[in-house]
Amino acid sequence: MSLGEWALWGFVATVVLTTILAASQGLGLTRMSIPLLLGTVFTGQRDRAKLIGVAAHLVNGWVFALLYLALFRAWGGGGLLRGAAIGAAHALFVLTVALPVYPGLHPRMASEHHGPDVRHQLEPPGFLGLHYGYQTPLVVFAAHVVYGAILGAFYRLG
Amino acid sequence: MREPPIGDHAVLGDGRSAALVTRRGCIDWLCWPRFDSPAVFARLLDPEGGHFTVAPAGGWPCSRRYLPRTNVLETRFESAAGALVLVDVMPLADAECGGLLAEREILRIARCERGEVELEVVFDARPGFGGGRARWRDDRALGLHLADGHELFVLRSEQRLPLAPSGGVRTRLRLRGGETARFSFSHSTEAPAVLPPLGDAAEERLARTSRAWERWSARTTYRGPFEEVVRRSALALKLLAHAPSGAIVAAATTSLPERVGGSLNWDYRYCWLRDASLTSRALFGLGHAYEAEAFLGWLLHSTRLTRPALRVLYDVYGRRPPAERALPLAGYRDSRPVRVGNAARDQFQLDVYGEVLDSAAQLVRSLGRLDRDTARMLVGFGEYVCRHWREPDDGLWEPRRTREHHTHSKLLCWTALDRLLTLASHGHLPGARPDMLARERGAVREVIEREGWNETLRCYTGTLGGHDVDAALLQLPWYGYLPAGAPRMRATYRRIEETLGAGRGLLYRNRRDPARREGAFGICGFWAAEYLALGGGTAAEAEARIAALLATANDVGLFAEEVDPETGEALGNFPQAFTHIGLVNACLTLQNRLTGAEQLTHQRRLPRAEERARAEEMGT
Chain A
1 MSLGEWALWG FVATVVLTTI LAASQGLGLT RMSIPLLLGT VFTGQRDRAK
51 LIGVAAHLVN GWVFALLYLA LFRAWGGGGL LRGAAIGAAH ALFVLTVALP
101 VYPGLHPRMA SEHHGPDVRH QLEPPGFLGL HYGYQTPLVV FAAHVVYGAI
151 LGAFYRLG
Chain B
1 MREPPIGDHA VLGDGRSAAL VTRRGCIDWL CWPRFDSPAV FARLLDPEGG
51 HFTVAPAGGW PCSRRYLPRT NVLETRFESA AGALVLVDVM PLADAECGGL
101 LAEREILRIA RCERGEVELE VVFDARPGFG GGRARWRDDR ALGLHLADGH
151 ELFVLRSEQR LPLAPSGGVR TRLRLRGGET ARFSFSHSTE APAVLPPLGD
201 AAEERLARTS RAWERWSART TYRGPFEEVV RRSALALKLL AHAPSGAIVA
251 AATTSLPERV GGSLNWDYRY CWLRDASLTS RALFGLGHAY EAEAFLGWLL
301 HSTRLTRPAL RVLYDVYGRR PPAERALPLA GYRDSRPVRV GNAARDQFQL
351 DVYGEVLDSA AQLVRSLGRL DRDTARMLVG FGEYVCRHWR EPDDGLWEPR
401 RTREHHTHSK LLCWTALDRL LTLASHGHLP GARPDMLARE RGAVREVIER
451 EGWNETLRCY TGTLGGHDVD AALLQLPWYG YLPAGAPRMR ATYRRIEETL
501 GAGRGLLYRN RRDPARREGA FGICGFWAAE YLALGGGTAA EAEARIAALL
551 ATANDVGLFA EEVDPETGEA LGNFPQAFTH IGLVNACLTL QNRLTGAEQL
601 THQRRLPRAE ERARAEEMGT
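In the order they appear, the protein sequences are chains A and B.
The opening residue of the first sequence carries number 1 in my numbering; numbering runs sequentially from there.
The opening residue of the second sequence carries number 1 in my numbering; numbering runs sequentially from there.
Examples of chain B residues lying across from chain A (beta carbon under 10 Å, computed):
#: 1; residue: Leu142
#: 2; residue: Gly143
#: 3; residue: Pro196
Computed list of chain B residues with no C-beta within reach of chain A, every gap over 12 Å:
#: 4; residue: Ser166
#: 5; residue: Glu227
#: 6; residue: Tyr317
#: 7; residue: Gly318
#: 8; residue: Arg372
Just so you know, these hints were derived from the structure itself, not from any lab.
Note that beta-carbon positions come from the ideal geometry of N, C-alpha and C, so glycine has one too.
Kindly generate the complete structure, drawing on both the sequences and the hints.
Shown next as structure tokens:
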């Protein structure tokens, strides 16, 4: 896969992942919003945070696509199923490790122990992101599986 | 448990939703996230509907007020044991707010000023009119969380609030002189919740919101009789405006009965074009042109799919409201059914065209111009009226029976055509056909004079060729159809007073169906006062009538849709924009009369389009 193809399919996969998460939010399945969580790292203005968050999420998506590509190369090729499996592992990491440590990293997120204050007001995600709705783990899992599957499928074609 | 009187309530709001608070510190009505969303507190309509009470245990005597020129409510409880002040506010998102804000929040601050008070706190949230499957969770430092699907409700306080085994909170806190308890109840639907901090940050939200309301109120230009009452009405009307879209809802509630124990219970949490046009006109008259402009912008957007036909009502985003259905709630003092949605959405009411066009003419009077899209829309309305004014309609009062030829609807068709002609003659409607508009306007007048006047009764009647008296016809002079002093109008006023007068300055809207036994209709009394101010009587008579009507407001200056003439008790949905509009317009007209200012100038004299264009070119 060339640099151009990485950029293209990394972008496509990230857009699809973002769309699945945003649609799930709109349909009331979850309140998880990765753009808002990322954007509020940089600003406290909700609307501006969403905008910055979308841009940051795209960059993230590209960076992670690079990691996926490295794994495909190391394991002798891509493919839809292999991509989906890496996506599933990625989702599990996000849900069980990344989200629970987020309050310690995020400058505007409240902590379960100290509660909100003037600077830290954003609701923490909790284990598996369950604070954002009981279907959050399923949505995050599905979105990442699709992300990985897209990258895997196009790695094989590339 | 018997629900408190309707007039016992004050209203809180944030330009997106509204809550009602009783004199006893009980929030018994709240719909989140929007005016027309399912209620999370609905004890107003059912003893099991949920509420949030913060008040001294044992029922201390209380008084309350809005902080001057704000929608911040202050309830003062006093007894020999101490004094407690409870401040209720829904914080606003405004330019001053630099950081994150909860999607919705009610902030309640209880301060013990002296002595000692045992504060009773009962929090019993029932999302979805009590039909939700909410799950409680005590997240300690993060507060009590109530999750219902994707919705999250959070209650936080600096004091520890124990979660009751069945959910919610039922506890007592002891406060001594100088101590404060703060409660933040917030709601999130769309993203990770923002959990509003308490302490000084909560005080800052209160102060910021007070300043925002004061700034808004300072833009009220009205100086005249009953100034503070008018200012309060403007603030109440502003609470019914949906800030993101510019829509204005008719009232904050559903199914508060027009007759206690009866079935005249309707959902008013939608935007009636008639009410909204009148509201924007009243706000506009008070100097709030921004709201009038926002409303016209909303209208332009909302009617895009059906234009030039107008629906009677829309939701705040310009969509068709849901079909009417009954909820399994006990109803206010057993007034059932409790309805959500409104069947009037399928009605055909011709008067809305006149209201909308009159509102547009008022806007042009202020701004001096119309954009091309709006002008095209208005011309389309005019052509629609020309094609349809001869048809029967459901009429202003929305009776659920066969359509009739309502004189009021014909009057508003005449108004629509008349305002279009005025706009066209001042160059604002390049696509209009004045000859056709003038011809049809003349034809409408001929029909009203021939069939809307009853020589035996000596008055204009509610329906063409009918024998019914209708208080809505007090507006004939207001719309410029004839002078207030015209013999036919004076005779109509006398007949309306004689037939529909209910005492205390009040009027019934009509008596077509005495079996309804509804109350006197709030706005009709103000129409009578306005008629007097327009020249149907003396200024002193108009002022006395307004003063009599103001005595039917509640302690914080709010009106419901109707009043029981015998007891003075408020009836119907609350607070009702229509009644407050009547009050504001009557006072504006009276003030014009007292100062000798010309009345209703938008009907005849507007800035010319080319003059405005030239001024804009020159940068003035």
